[in-house]
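**Student:** Residue numbers (the working numbering), protein chains in the order written: chain A, 37 to 454; chain B, 417 to 686; chain C, 312 to 622.
By construction, these hints were calculated from the structure, which means they are not laboratory data. Built from N, CA and C at the ideal position, the CB exists for glycine as well. Be careful, since some hints might not be right.
What the hints assert, rightly or not - Pulled from the structure, derived: some chain B residues nowhere near chain C, Cβ distances all over 10 Å:
{"id": "1", "residue": "A427"}
{"id": "2", "residue": "L533"}
{"id": "3", "residue": "P602"}
Unchecked claim - Not the full set, but computed from the structure, chain B residues with beta-carbon under 10 Å of chain A:
{"id": "4", "residue": "D447"}
{"id": "5", "residue": "I455"}
{"id": "6", "residue": "D576"}
{"id": "7", "residue": "D578"}
{"id": "8", "residue": "N627"}
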Amino acid sequence: MKKKAVLMFTILFVFAMALSGCNSSSSSSGSSKNEILFWNPFTGPDGENMKQIVDEYNKTNPEFKVKNLSIAEGDMYTKIPTVVNSGKGIPDLTIVHAERIKQFVDNDMLTPYDDLLADYPEIKAENYVPAGWNIGDIDGSRYSVPLDVHSFVMYYNKELLEKYAPNALDDNVITFDEIREAGERSKKDGITGFGLTWTRPIFLSIYNQLGGDITSDGETPTLNTPEAKEALELIKGLVDDKIANKDGEDPGQLFQSGKAIFYPEGIWMQNGLNEAKNLNWGLTNFPQISPDNIVNWTSSHQFVMFKDENRSEEKTKGMMDFLDYVRQHSLPWAKAGQNPAALETLEDSEYKEMPQSFLVEDPELQKSLKIFDYKYNGFVVEEIDKLVGDAAFGKLDIDEGLEKAQKAIEDKIATNKK
Amino acid sequence: MISLIFLLFMAFIWLVPLLYTFLTTFKNESDIQSNPFTILPINWVIGNYQDVLFENTSAPVAKWFMNSLIISVSQTVLVLVIVSFAGYGYSRMKFKGRDAIFIFLMATMMFPAVVNLIPLYKIIDTLGWVNSYFAAIVPGAAGVFNIFLVRQFMQGIPKDFDESARVDGASEFQIFTKLILPLIRPVLTVVALFTFTGSWNDFLWPSIVFNDIEKMPITPGLQLLQGMYALDIAHALTGALIAIVPTFILYLFTQKYFMESLSLSSGVKG
Amino acid sequence: MMINTGENKEVNMSSVMVGKSNKKRLNLSPYLYIGPHLILFAVFFLFPTLYGVYISFTNWDLIGDPEFVGLANYTEILLNQDSTFYEQLRIGLGNTFKFVIFTVPFCIIVPLFLAAGLNTKPKGMKFFQALFYMPSLFSVSAVMIIFAMLFSVSFGPINHYLNVDTNWLSTQPYAWVTLVIVTVWWTIGANMIIYQAALNGISKDLYEAASIDGANNVQKFFKITLPSIRAQILYTVVITTIAQFNVYGQPLMLTKGGPTSSTTVLLMYIQENAFGSGISIAGIGAAMAVILGICIMVVSAIQFFFLRQRD
């Protein structure tokens with residue numbers, strides 16, 4: 037009879053599930069005794085590169101092998117509080133974005149590295165890019181070790197640059213004025229000058245170039261400022277004068293099909309660009325207002341350790357061992373289009389040939405890497421994401437927009453503090 | 417006939433995006449960039465399919481497929497059993513508070529499931545089900561809307577049928593299994609189809625519950641895949657098309673079952 | 312039903328007798344039927360929902376412990392006109408209601424007509440059926456990619472072949488038009504199937520009798536077809552409305568909530584507050600979710616009242 041069959045089927049399935057469920061859950065969610073559970077948000081193509089580093093490390097037969105788990109970024113940050121609170125299955129080593137670390141420190145979720153660094157003298161300021169290393173220094177303790185510094189810069193079409201702005205790159209910096217000139221010439225030929233891509237870092241870099249920042253003292257947000265208005269007006273100007281692409285146009289498509297000269301994007305996008313045929317691209321700093329004050333918006337992936345009372349001292353030492361290994365073997369990470377924070381990577385000629393390494397090679401340029409690690413960064417960027425696009429395409433009044441955004445950020449902070 | 421013209425017109429509208437999707441999966445990515453308008457591929461390639469299906473290290477599509485199969489089939493079976501019993505209970509049986517309980521169930525389902533996620537995850541964690549199939553299968557059977565659907569269909573069956581069976585000495589269980597169940601086979605088929613499809617397409621919950629990439633079902637897995645092909649439309653659409661194959665096949669199989677007429681009105685004789 | 316009174320009397324007696332002796336059994340068995348579901352429901356749905364409601368009375372960042380604040384969140388979003396969150400609720404709820412009003416009628420009428428058309432069993436019926444149903448099998452992100460491409464301003468086939476320049480995704484009223492078109496294309500498959508199953512169950516005799524009485528097709532539709540599938544129409548109206556109140560993926564991915572927040576629905580603000588990039592403001596998010604839930608309940612109750620089976 038049909039019903040009986042269904043019932044039996046269910047029972048069989050439940051048994052099958054119970055068996056497979058038991059097997060699998062024991063082996064993966066928690067960390068076993070001599071495994072370092074490593075969580076990271078690298079679910080894109082760069083996940084392969086991190087996997088490579090982990091595999092190579094495990095091949096050296098360390099006492100504690102690393103178990104690599106890539107989780108989608110949004111999910112990872114949602115799971116972290118729940119897991120840390122539950123006390124079970126806490127990851128040993130985790131990669132988080134630099135901007136989030138202060139939150140974790142405020143909520144007392146991280147184990148500091150201070151006592152552990154004594155045994156690993158090479159993990160020190162001199163061996164890392166300053167912008168990345170400084171992030172981990174909070175309230176006098178070290179809470180994170182940097183993996184990389186990834187900047188938002190600018191790609192350009194080599195042929196189109198030759199044609200419309202042949203001397204712009206002579207000083208290795210392209211200014212907005214030079215972009216405007218090129219755009220004026222190119223628009224007659226139907227070529228867009230400047231692609232308006234991810235508005236967040238575009239705005240933040242220009243804002244900082246003008247001397248603005250998203251916080252004045254690390255507590256108070258400062259978005260509604262004259263510098264912010266100037267930054268927005270600059271971007272809007274590019275749109276109004278048809279230097280930048282139209283509303284709704286996809287700058288990525290324009291650039292890849294050879295219809296745009298300048299394409300601001302992150303260094304991590306370069307492997308994606310290689311898919312485009314017939315595109316001869318170059319990489320340089322993000323456009324600047326003046327070559328004397330270079331600002332490249334940067335973020336950074338950092339290694340942190342969430343508190344876990346069950347983690348043994350030996351395992352923690354094993355984790356430090358892995359970190360030191362990464363410091364010396366970051367080349368695969370560079371191949372993902374990243375800039376490893378470990379300066380030792382510069383000794384590798386293969387890395388020096390990569391387009392993005394120029395940011396790290398020159399100590400002067402290292403200073404241009406600006407990481408916005410204000411502790412309420414999240415609230416600020418949520419508003420910026422909504423504001424800049426609308427402002428650029430003239431859909432709202434800039435003064436009003438900035439006022440509203442500032443208020444929204446303040447309200448969110450206030451509610452959180454209550 | 418008017419209906420045919422109407423259907424043809426609507427069919428054309430429906431077809432355009434589907435055709436576009438299908439044809440794009442055979443296009444070369446760079447061709448799409450340089451010639452985005454063209455409907456037909458300039459160069460027909462099957463590379464996209466090869467990449468998606470056989471690129472197996474960080475995107476084990478075959479494994480995801482199996483995971484989805486196990487999860488969706490299990491959930492469908494579970495739901496069918498639970499929903500038939502419960503639907504019968506709320507529509508046919510009399511007990512105190514029957515309608516009140518049902519209304520309460522419906523009312524609770526109306527809350528957006530957003531903030532439930534955290535406590536639900538905690539419960540799963542407590543049960544030790546994180547990263548296991550159970551987490552993906554069981555909570556889905558707690559839904560009320562399928563019961564609502566079954567109940568609505570059962571309302572359409574005249575109560576006289578039950579009465580005459582009771583007269584013949586049938587027990588509640590027998591009425592349920594021998595009389596009502598066969599009559600609602602069409603709607604149960606619909607429930608099976610919807611549950612399977614819903615389970616197959618669910619990506620928010622599985623991506624929270626599964627940490628291991630290997631254990632993910634196919635829809636969240638393909639989401640990750642999309643992340644890998646950041647600027648890549650052809651691959652993303654290829655993945656999407658592959659993902660609907662099983663649910664589509666299930667649909668084709670079940671088509672004839674829910675088209676069966678509920679032979680109620682024709683069978684009412686003493 | 313052909314039962315004569317004699318039999319009827321007997322039936323009454325025996326059911327009463329049966330009732331008396333089985334009274335204890337009858338009391339237990341309904342619970343066996345609804346029990347399994349109720350247990351699952353309590354554990355996996357009721358408890359998390361109640362917890363979610365509890366969160367709305369607290370201030371919680373998901374990391375530490377929730378801190379009870381009573382009605383503070385509700386007063387903030389409902390009464391404090393100065394507050395950003397009040398704005399969010401106003402804009403978000405307004406847009407959600409707009410979305411429901413724009414899409415639900417199409418999501419009922421279109422599949423109803425399609426099902427009615429298919430019910431005439433035309434040539435190629437199976438093909439039509441599969442075609443209309445297929446979009447509902449795609450995941451939300453797949454659909455968004457497809458339509459983002461189709462409606463793209465400079466690169467989309469639609470603008471190209473219609474020779475227009477419309478910015479479908481970031482200007483009004485096109486943003487709403489696009490959202491409605493995409494939603495209908497994507498979701499009507501399920502309702503269509505339900506209507507088909509329902510229409511199939513209507514006896515042909517009823518239609519024949521009406522023809523004999525001289526009714527035309529339109530009259531048959533309104534006087535026979537619609538009333539016969541009233542139960543299913545109620546179901547689809549309620550479920551579709553609930554589903555569209557919960558809209559999230561389409562405005563997020565297709566129009567990005569723009570232009571200027573004109574398509575930002577409440578669920579997007581809820582997500583932003585509870586799971587945003589910044590520190591979580593789960594209490595406010597939960598309070599908004601509760602308000603949304605109450606709206607859905609009220610609307611559904613009204614629908615039930617007007618469409619219920621009067622037996």
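**Student:** Look at each hint and say if it fits the structure.
**Tutor:** Hint check:
The claim that A427 of chain B lies off the interface is violated: its Cβ sits roughly 6 Å from the closest Cβ of chain C, which falls inside the 10 Å cut-off. The non-interface label for L533 of chain B is inconsistent with chain C: the shortest C-beta to C-beta separation is roughly 8 Å, within 10 Å. Taking the minimum C-beta to C-beta distance to chain C, about 5 Å, the non-interface status of P602 of chain B is violated against the 10 Å cut. Of the supplied interface hints, the one on D447 of chain B holds, with its beta-carbon coming within about 9 Å of a beta-carbon of chain A, less than 10 Å.
With 10 Å as the threshold, the beta carbon of I455 of chain B stays out of range of chain A, its nearest partner Cβ sitting at about 17 Å, so the hint is violated. Contact between D576 of chain B and chain A, as hinted, is not supported at the beta carbon level, the nearest pair being about 23 Å apart and thus beyond 10 Å. Hint status for D578 of chain B: violated, given a least beta-carbon distance of 18 Å to chain A, over 10 Å. The criterion of a C-beta within 10 Å of any C-beta in chain A is met by N627 of chain B, whose closest approach is roughly 6 Å, and the hint holds.
Hints 1, 2, 3, 5, 6 and 7 from the earlier list are contradicted by this structure; the remaining hints agree with it.
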